Amino acid sequence: MSLITERSKISPFMVFYIIMSMQIGVGVLGFQRIIAQTAGHDAWISVLVAGAGGHLILALMYWILQKANGDFIHLHHQLFGRWLGNVLLLALTIYFASMSFVVLRTYIEVIQVWMFPDLRTWEFALAFLLLCLYITRNGFRVVVGVCFFCLIIPFYLLFTFGSVLEYTNFRQLLPVLDHPLPSILKAAKEMTLTMLGYETILLFYPFLKNGQQSSKWGHAALLSTTLFYTLLTVLTLAYFSEKQLQRQVWATLTMWKMVEMPFIERFEYIGIANWLLVILPNVCLGLWCSSRLCTHIFPIQQKYALLVITCICFAAIIAVQDRTGVNTINEVISKVGFYFLYAWIPFLAILTYVRTKRRDAQ
Amino acid sequence: MASPTESICKILTLLKRSRDFQTKVYQNQSSGQSVSVFYIESLVDIDMMVKYLYPYLIHYPFTSLQHLADVLPLEDAHLSSAPRDVQQKLLEGYLAIQLIEQDDLVLLVKAQKKIERTLTIPEVEFSVVGPKESFIESLETNLHLVRKRIPSERLTVNLFRVGSLSQTKLAVVYVDGIADPENVQTVIQRIQTIEFDEVIDSSYIVQIICDNRHSLFPQLLDTERPDRVAAVLAEGKVAVMVDGSPHALIGPTTLVEFFSSFEDYFSNWIIASFFRLIRLFSVAFSILITPIYVATLNYHYELIPKDLLGTLITSRKEIPFPPIIEVLFLELTIELLREAGARLPTKVGQTIGIVGGIVIGTASVEAGLTSNVLLILVALAALASFTTPVYKMGNTIRLLRFPFLLFAEMWGLLGVAFCFCILMTHLLSLTSLGRPFLSPLFPPRWGDWKDAFIRLPFSEQAKRPLSLRPKQPLRFNSDKAKAKRDIENIDE
Amino acid sequence: MKRTALLWIALVAALLSGCLRKEILDDISIESAIGLDDAGASKIRGTVLIPIYKKEETTNKTLTSVSISVNDLLEELQHQASEPLVNGSIEILLYGKRLAEKGIFPFVDHFHRDASIGTGLYLAVVDGTAERLLKGHYGRQGNAIYLSNLLKHNIEQRDIPKTNLHLFLKAYYADGQDPFLPYIRRAGKNVYIQGIALFRGDRVVDYIQRNDLFFFKILTDAYTEGTHTLRIDHNLYISIKNIATSRNISFSGSQTQPHVHIHLSLEGVVREYKPTPFSPSIRPLIERQFEKEIKKKTSELIKRFQQQQIDPIGIGEWAKSHYRRFRYRDFYRRYRDLPVHVTADVRIRDTGIIE
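Chains as they are written, first to last, in the numbering used here: chain A, 125 to 486; chain B, 865 to 1356; chain C, 858 to 1212.
Pulled out of the complex, with its shape left as it was, chain A reads as follows:
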């Protein structure tokens, strides 16, 4: 484990910004349709359920981190041995890198559909990844700074939803719990990709002063995100009629079409441009996490690892051509993320528990 100097560590309350900015990503633009497909007008309950599940997993993560003295990577080596541990970590590296890739590819897709149909994928991806490289090479502090500003600055977008209130009908949410529990749970599972992001805590935990103190901030972030998603879901469900929502690939953007200001006739263009700021921390932190894992698997410096991973991401982005490709990858990542959080983390927790028990017995 390379030593992290006290000066490069960050305050525990920054966890709030990191986790929240990581959780709010490109999914916000169009998650409503997917969850409303199964849970209909009860979809907002699914969001709350997904949030509650997230809290559980986050608590579990903090417990594991506490037992592992904050070193998630070392824990893998201890539990599975050097070789198998490395294989698992490599899988994790690919997971984080592909998260960056998915976010960026989906965003480019949004731009191509909504703003510039002739934007070349490689052109924007190259510029964006260079920016990410610039950010991540400046160290973790700058990455955190980007997370912070990219959460604070687009915050005003929340108020723009105020002007769609005129067209909402909250009666559409009634009757509550009209759908069977399994479909609500299924929708909650669909919600995981949108809510992903808090698992990065496993890797940046060593960079926190007083790691365990940050847990309240972590949970606060998760709660805020959940509330934000719930609010947005409620608004969406009240704004569209049910079958209409099924036809909206990017419901949030369609809602923005209605926002009108004295000096801006159509808001979705501002929204899309602003969303660049929202996805920036997603991509950066994903890259940072995977490069950090790399340094522990291979004898490689972080900056070179970053370069390699960015190049791979770039190649992958060019390789995916159409929307079906993007959708497939989104689904795969969603599944992987779900099982990583709800299967792998509990499994690790059990292993850790058994190990500590055995050590105590000895």
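Treat the hints with caution; some may be incorrect.
Listed below are several chain B residues computed to face chain A (Cβ distance under 7 Å; list not exhaustive) [stated by the list, open to error]: (1) Glu1166; (2) Pro1169; (3) Leu1278; (4) Ala1281; (5) Cys1285; (6) Thr1289; (7) Phe1306.
Quick caveat, the hints were computed from the structure, so don't treat them as lab data.
Keep in mind that this is a model prediction, so the values were computed, not measured.
We put the CB at the ideal spot given by N, CA and C, even for glycine.
Given the coordinates of chain A, work out where chains B and C should sit on it, guided by the hints.
Below, chains B and C without anything else, positioned relative to chain A:
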């Protein structure tokens, strides 16, 4: 190694090559001893020499140089045998007095010619209310101006010499017990490692010791106001003053500080806060308005409200150029006017600005080269950039809009957002004396916001800025400060 | 540092090599309204309105073409335009009566799919042809702004219920509601609102005339400010302003045997009373009279909807949020004979500055 005598001789011979180096030999009338006096004519106050030194040299029966040194009624007279010292002192305007020729001991007498302008009112950081003194080119006077405001034994001045040729005197000033020693050490260490021959001004120092030389942003604040220096010293910052420069440097500084005028402290906190917010808004406006114009006109006509659409189209209808050329043309015109105004004498400069602005603006609209809407926007943006209280920051802001324009031309609003991200990252990675440049924004220190974007009343300013890590965090006892009573109530 | 600089230079060079297609404001023809008419043989005749902006006055230019689909039509029209036609600033879409009676969804869907078109634009059905209406010349700001302002102020302050592309599609996709659109016509040099066109699915099946608009609006939407003149008997008129209304639809009975109760409440201020002066004593009388009128007229309208098997009020949607596991199909099977009971509650607040 040559012997000292030879060295002093050698120095004197070396100096003699200059025509303004004088060697005078006098005969003391009491002892009959011959005394040689060496000095550089252009540096020495001849008046002082004639008035105070000659009577002693010629009439006073001194026995040794030490004796002479004791009786001379002059500021500084000391013996020296170190050739380096002698050389340096001669070059600063001392007289060297030698009793016996070729002796290795000389008496150095301070007789500098002092030519400095009188104190004037600050021109760059002018304020309507508040003190009207500004620094001048003499380090001693400048130090005097600061010390006068902080009559405390804790005000510490460290003196250095920088520049292999210029040997410029440089003072690092801080208040001991308040300033973070780490900051002081950073400054001192960076100053000690300066390698340069001719240091003319404090702006040389900024460029040499700043954290990132390739950044557009100034990373140390320069000010010509002694009151501002005194105020920030009390906050726990470190000031660097350079002899020959009417600007002091202050560090560690933050981005926000560049947008706070010192006049803010002289007015009511609500008014001050309002003006600060106006300034920040105008900076954003100045950087972003023309890029947004380019982006909207190039790519996002949908954004324009229907009532404005007609206005914009009619104003642009006759223009033969795409928006980017139109904008660049006008922006460069404004820059030209500004540069021409700055290079010419004040009165001519003003005339050029007004005449050029009006004539070129009106003519280019009438000729159909630019649209009148854009003319208004560019003029407003230029005006807004001049609200920045620190001159150097104003220049940075004017330059910043060009990359934004480039990206806006390429990707429209998306490009503007992209460029903003680059700027944000750059600012995040910047440091001033190793301290984050964006503080108190990031790392967020909510407590420091009381004197950042807004300025709360003095009673709320009891804590020194946390980001400076002051050793003594409290300025005053805020409980005492709040106890205010009317006269009638005192008796109760 | 040098390496990063190189990277940035590479980036800028790469980006400058490929620029996006620009739509510079003054080099495009901005469509501000589109009118679609039936051209027989499953073809449509499309009219595009392009405002020509001048310093003093905006003039109108129209291009017309016949084609099989909207997309094809717009492509066809490009041949007639000196500058590329763009449709991001369309204010209003007009559908001719004959087309509207055949079904307009395919011609709305195209605009809905286009990301550059907003959802706040107005749709309207034209008595006659949209082409003729668009070829007129109204107002100084151009026809499109004239038409959209005409609808806008009638929606905000008068008796047209809220409507736009989003609301049309919302009602169209909703199982428990049918859309409606304003019905306008050209009369000489003017355009006026004739009433409301009622849809079943995407076909117009009925029209509401101007004198029923007030009652239609209180049934489907809410007034925030408006005026209405009530004729109490032969030559006794009362004019009420600042009308604020709200409605509530409740249900009783099981899902299979629902009873619908529509409650309308109204608040207003007396503005004019003819021919005798208004006195507080006759206020209750007027209130009762008004309530009776509302009940009568709205019940008539609802009967008419039931006869036509359309639901512009969205009773089905209300029912859906009332009953659990609601099934639209069962509800509308009995819709024609659904017992609907209307109650009204009118309050006249004060009489303005004159008593």
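Right, here's what the structure says about each hint:
For glutamate 1166(B), the suggested interface contact is upheld, since its CB lies about 5 Å from the closest CB of chain A, less than 7 Å. Because the closest C-beta pair between proline 1169(B) and chain A is about 5 Å apart, less than 7 Å, the hint holds. Proximity of leucine 1278(B) to chain A holds as hinted, the smallest CB-CB distance being about 5 Å (cut-off 7 Å). Residue-level restraint check for alanine 1281(B) holds (minimum Cβ-Cβ distance to chain A is 4 Å; threshold 7 Å).
A least Cβ separation of about 6 Å between cysteine 1285(B) and chain A falls short of the 7 Å threshold, and the interface hint therefore holds. Look at threonine 1289(B): its Cβ gets to within about 5 Å of chain A, closer than 7 Å, so that hint holds up. A cut of 7 Å between beta carbons decides the hint on phenylalanine 1306(B): the least distance to chain A is about 5 Å, and the hint holds.
Going through the hint list in order, the structure satisfies each hint without exception.
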